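Number of protein chains: 2
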Amino acid sequence: MTRRTGRRPGRPGTREAILDAARTAFAERGFDAASIRSIAGAAEVDPALVHHYFGSKDQLFLAAMNFPIDPGQVVPKALAGDRDAVGERLVRTFLGVWDSPAGSAGVALMRSAVSNEWTARLLREFVTTQVLRRVLENLDVDPAELPLRGSLVATQMIGLAMMRHVVRLEPVASADLETLVAAIGPTIQRYLTGPLPS
Amino acid sequence: MTRRTGRRPGRPGTREAILDAARTAFAERGFDAASIRSIAGAAEVDPALVHHYFGSKDQLFLAAMNFPIDPGQVVPKALAGDRDAVGERLVRTFLGVWDSPAGSAGVALMRSAVSNEWTARLLREFVTTQVLRRVLENLDVDPAELPLRGSLVATQMIGLAMMRHVVRLEPVASADLETLVAAIGPTIQRYLTGPLPS
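Chains as they are written, first to last, in UniProt numbering: chain P, 1 to 198; chain H, 1 to 198.
Chain P with its partners taken away, still in its complex shape (with noise of 0.2 angstroms):
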């Protein structure tokens, strides 16, 4: 069997509209529980649509995925200015994609990473390759402390996703963001900055 994976360009709003019907899927299920078939009809398409135009649904998850959190647009903006308060920005712009309607692509990546091993394989390749390498390349600070700052600043950010958007721990739930920008911007900059335990 082949699979065709080509794009037919012109047809942006179908598209646009598997991909929403996907991260909604995606986001309330689960990426085992979200069939192609579910999704192609919440988009109301045909299921081998959906196939010609991403493949499978693991190319499906990524380009769900992918769309909200471009790191290569959004990595960028945020570690312009000033390096002391570049643990600001990166809070106040990581909540900023979450508290959009495209957090619940994050929601979906959450929930498939901690009950399917692929997609935790997935969200280690997406958070180490796509944002924590940009980010720390960009910083000037020692190679070999790269990975551990890097996983560091993962485990801050990943559970305030977490107790925000999947736990809703309150007050965290609801706080305005410049209050966790606040609070949370010190940790990442000392994990990106600071000194590390020898």
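These aren't lab readings, by the way, just hints derived from the structure by calculation. Take the hints with a grain of salt, since some may be wrong.
[Unchecked claim] Stretches of chain H that chain P covers, calculated by requiring three or more beta carbons in the stretch to come under 8 angstroms of a beta carbon on chain P:
#1 56-64
#2 149-155
[To be verified] Calculated Cβ distances over 10 angstroms to all of chain P for the following chain H residues:
#3 Arg15
#4 Glu16
#5 Ala17
#6 Ile36
#7 Ala40
#8 Asp46
#9 Gly72
#10 Pro76
#11 Pro101
#12 Arg111
#13 Arg168
Please read all numbers here as calculations on a predicted model, not as lab measurements. All C-beta atoms, glycine included, are put in the ideal place defined by N, C-alpha and C.
Dock chain H against chain P, hints included.
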């Protein structure tokens, strides 16, 4: 229908076998997918006996979750000592529980909390009433600040557990315990006793 929830004294081996099987099942498959029948099968007992000892699957889950992390025992130990190092002691205690065989119950809880609203509520209740309340009521901080301090601690602790034990992001996944205590202890300390954003 009446449901008997009394426990037969004198058969601790059977109860432990059921709890062990439950923890494994919940960790590997999550709360929703793990069945009483499969747990009973793994423990080599009749499913009716599981219902007899623990009542519902929910109650079995609570028992499986509470056993390894008895906050009434663990938290006071972590709190005893110098107030300025309570952050490090809490991280050390938290990681000690997660790194032990009992940590599989924590993975089970995390898996269920992200896919099941009931378990998310359970996790919130557990974290808030069993852990954070015990920590914060012994720290002599402004009671009005307790909820924010507590939920900030939860963001870092849950994110740490998630990255180390579920997503397994390196090097946090296999870092030695004292490296993480030194790196993350100051974060917890600041959330508990440092200045908060106004």
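Here is what the structure says about each hint:
no.: 1; hint: 56-64; in the structure: violated (count 0)
no.: 2; hint: 149-155; in the structure: holds (count 4)
no.: 3; hint: Arg15; in the structure: 28 angstroms, holds
no.: 4; hint: Glu16; in the structure: 27 angstroms, holds
no.: 5; hint: Ala17; in the structure: 26 angstroms, holds
no.: 6; hint: Ile36; in the structure: 20 angstroms, holds
no.: 7; hint: Ala40; in the structure: 23 angstroms, holds
no.: 8; hint: Asp46; in the structure: 29 angstroms, holds
no.: 9; hint: Gly72; in the structure: 21 angstroms, holds
no.: 10; hint: Pro76; in the structure: 23 angstroms, holds
no.: 11; hint: Pro101; in the structure: 20 angstroms, holds
no.: 12; hint: Arg111; in the structure: 5 angstroms, violated
no.: 13; hint: Arg168; in the structure: 7 angstroms, violated
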